[in-house]
Amino acid sequence: MRIVLYSIIQAISSFWRRSFITFLSIVTITIALMILGGFMMVTINLKTALGNLQRQVELEFYLDNGLTKADVSTLYNNIESEEGVESVEFVTAERARIEFIDEYGEDLLEGLPINPFPPSIRIELKKSFSMGDAVSNLGEKYSDHDFIQQISAPNLIAYKLEKISRIFLILTFAWGFILIIAATVIITNTIRLAIAQRANSIHIMQLVGASRGFVRTPFQLEGFLHGGLSGVFAWLILFGITEVSYYIFPGIIPLPLSLNIVLVILGSFFGLLGSSIALRRYLRY
Amino acid sequence: MEKVSYIYGNDWVALSDIDFSLDEGEFCFLVGSSGAGKSTLLSLISMQNSPTRGVVRVAGYSSDSIKRLDIPFLRRKIGVVFQDFKLLPEMTAEENISFVLKVTGQPGKYIKKRTNELLSLMGISHKRRSFPHELSGGEAQRVGIARALANNPVLLLADEPTGNLDPYSTEELLELLLNINRDGTAILMATHDTALIDRAPMRILELENGLLVGDRPREGRL
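Line by line, the protein sequences give chains A and B. Residue 195 in this note's numbering sits at position 195 of the first sequence, and the numbers go up by one each step. Residue 17 in this note's numbering sits at position 17 of the second sequence, and the numbers go up by one each step.
It cannot be assumed that every hint is accurate.
Partial list, derived from the structure: chain A residues whose beta carbon lies under 7 angstroms from chain B [said to hold, decoys possible]:
{"#": "1", "residue": "Tyr6"}
{"#": "2", "residue": "Arg17"}
{"#": "3", "residue": "Ser201"}
{"#": "4", "residue": "Ile204"}
{"#": "5", "residue": "Val208"}
{"#": "6", "residue": "Gly209"}
{"#": "7", "residue": "Ala210"}
{"#": "8", "residue": "Ser211"}
{"#": "9", "residue": "Phe214"}
The following label-pair restraints were derived from C-beta to C-beta distances [what the hints assert, rightly or not]:
{"#": "10", "chain 1": "A", "residue 1": "Ile8", "chain 2": "B", "residue 2": "Leu178", "range": "33 to 43 angstroms"}
{"#": "11", "chain 1": "A", "residue 1": "Trp16", "chain 2": "B", "residue 2": "Lys112", "range": "15 to 25 angstroms"}
{"#": "12", "chain 1": "A", "residue 1": "Arg17", "chain 2": "B", "residue 2": "Leu69", "range": "21 to 31 angstroms"}
{"#": "13", "chain 1": "B", "residue 1": "Asn152", "chain 2": "A", "residue 2": "Arg17", "range": "24 to 34 angstroms"}
{"#": "14", "chain 1": "A", "residue 1": "Gly176", "chain 2": "B", "residue 2": "Asn152", "range": "55 to 65 angstroms"}
{"#": "15", "chain 1": "A", "residue 1": "Leu5", "chain 2": "B", "residue 2": "Lys67", "range": "23 to 33 angstroms"}
{"#": "16", "chain 1": "B", "residue 1": "Lys77", "chain 2": "A", "residue 2": "Arg17", "range": "28 to 38 angstroms"}
{"#": "17", "chain 1": "B", "residue 1": "Thr194", "chain 2": "A", "residue 2": "Ser13", "range": "39 to 49 angstroms"}
{"#": "18", "chain 1": "B", "residue 1": "His133", "chain 2": "A", "residue 2": "Tyr246", "range": "47 to 57 angstroms"}
{"#": "19", "chain 1": "B", "residue 1": "Arg68", "chain 2": "A", "residue 2": "Ala196", "range": "16 to 26 angstroms"}
{"#": "20", "chain 1": "A", "residue 1": "Ile277", "chain 2": "B", "residue 2": "Pro89", "range": "17 to 27 angstroms"}
{"#": "21", "chain 1": "B", "residue 1": "Ser50", "chain 2": "A", "residue 2": "Arg17", "range": "28 to 38 angstroms"}
{"#": "22", "chain 1": "A", "residue 1": "Ser13", "chain 2": "B", "residue 2": "Lys77", "range": "24 to 34 angstroms"}
Only some residues are given here: those of chain B computed to face chain A with a beta carbon under 7 angstroms [said to hold, decoys possible]:
{"#": "23", "residue": "Pro72"}
{"#": "24", "residue": "Arg75"}
{"#": "25", "residue": "Arg76"}
{"#": "26", "residue": "Lys86"}
{"#": "27", "residue": "Leu88"}
Keep in mind the hints are simulated off the structure, nothing from the lab. Ideal Cβ placement from N, Cα and C applies to all residues, glycine included.
Let the sequences and hints guide you as you build the complete structure.
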């Protein structure tokens, strides 16, 4: 207990006594964590944008009015069994009208004596499936079907964008992996440099009878605090940047609380790891 | 020390067949020119290094059987004073002294009392809140000695403690060490200051090129 109390006092007092090194260390780690957090934010926004694009890549078969339940059911089952189809949904004419009103308001439909919307079948395609092939195969196969009035082809630009985004997402993950390794190296080395500066003190402490644990604990706690505080600063700065970015990109999604906490935990962990690695070099007994 | 040799690297013989013992409460000078092996000998006693051959026995520990984890416990039984003081730069004079007491897990009240006692004994109570860079050479060395004495060591090793001091501070420091010795602490002091040796005619071990070439007994009382 006494060693814990001593370590806490030493770690905190070192912040003030070695304020310049502490400042440099925290700034460096904060920048590394900010880049990591920024990357997480870009990835989340990209994934959301990709999800939206995927929703646009949806086939819709508009059906003839007056089909029997059995006709619809047969067509439904046939489409459902097609390769590359994830799910199929039957939309009644009434539901199509309600969806339109929800999106565009009632004014446009005012004065119309009948519901202008036909019933339809919406087809969601499997994400892993080659979307271009699925679209053209299904389109061709059902274009002359007796029950189908019209086929709404998906937005091909959206399809192309989806393909590019997928590649971009893979690159982003690769970049993220490199970034995590870089952040690890930067943070552990920053802490190591801060400790290397005190190699002489560590040597003296051991010469006057301090045990390994007694020397090590305050340094580890200090590394832990440097990393954790940097995580909190990175969180605050990213929050500020997100707030400002709303004016330019209103749809931007901020980093969720859970990932901000991950940043703080990562910072603390790397701080602890860096100090432990550095101390192994200087602790002889 | 029993037939102790120490070889740096493969071929530099720093100490060869050193054989001597120090009685409880004895004061002994260790003399020799630079490179004679004085500091190496002291480093073997504080077990910073292990002898290449032979055995060092000190305060109940033996160099051939001591475990690495026991070395800090040995260091708490011997005090070491260095030529360059080796004070912890980020700690005040008071904290440098109390550090070695904290290391042993002493209660806070005792640490405060003992630190005040030592600061007073060394005549540096007014410098308690000064950092090492704010102290003169003599003051810094007094802090170093206070730190070395904090745990009531059975043996005090002093490696050229007057090397960085002016003649006045040297004289004061010698008086201080003699007083400490009178209280029962054995002292082994490495020096090449002949004036100092003349001032205190104690036992003298003489090293030359790593060999113990002389062991002159104490000449009467001071």
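Should the interface hint for Tyr6 of chain A be scored as holding, given a Cβ-Cβ cut-off of 7 angstroms against chain B?
Check passed: Cβ of Tyr6 of chain A comes within 6 angstroms of chain B, closer than 7 angstroms.
For Asn152 of chain B and Arg17 of chain A, compare the CB-CB distance with the range 24 to 34 angstroms and indicate the outcome.
Taking Cβ atoms as reference, Asn152 of chain B and Arg17 of chain A lie about 30 angstroms apart, which means the hint holds.
How does the Cβ-Cβ distance of Ile277 of chain A and Pro89 of chain B compare with 17 to 27 angstroms: does it lie in that range?
Distance hint for Ile277 of chain A, Pro89 of chain B holds at roughly 23 angstroms.
Within 28 to 38 angstroms or not, the Cβ separation of Ser50 of chain B and Arg17 of chain A?
For Arg17 of chain A against Ser50 of chain B, whose Cβ atoms are near 35 angstroms apart, the range 28 to 38 angstroms holds.
For the hint on Val208 of chain A, does the least C-beta distance to chain B fall short of 7 angstroms?
This hint holds: Val208 of chain A lies near chain B, its Cβ roughly 5 angstroms from the closest one there, short of 7 angstroms.
Is the hinted range of 28 to 38 angstroms satisfied by the C-beta distance from Lys77 of chain B to Arg17 of chain A?
30 angstroms, holds
Given the hint of 24 to 34 angstroms, is the C-beta distance from Ser13 of chain A to Lys77 of chain B inside that range or not?
29 angstroms, holds
Proposed interface contact between Arg17 of chain A and chain B, which counts if any beta carbon pair is under 7 angstroms:
Holds, because the Cβ-Cβ distance from Arg17 of chain A to chain B comes to roughly 5 angstroms (cut-off 7 angstroms).
Interface hint outcome for Arg76 of chain B [beta carbon to chain A under 7 angstroms]:
4 angstroms, holds
For the range 55 to 65 angstroms, tell me whether the beta carbons of Gly176 of chain A and Asn152 of chain B fit it or not.
At roughly 59 angstroms between Cβ atoms, Asn152 of chain B and Gly176 of chain A fall inside 55 to 65 angstroms, so the hint holds.
Hint check, Ile204 of chain A versus chain B [nearest Cβ-Cβ separation less than 7 angstroms]
5 angstroms, holds
Does 33 to 43 angstroms hold as the CB distance between Ile8 of chain A and Leu178 of chain B, or does it fail?
42 angstroms, holds
Violated hints: none; the structure is consistent with every hint.
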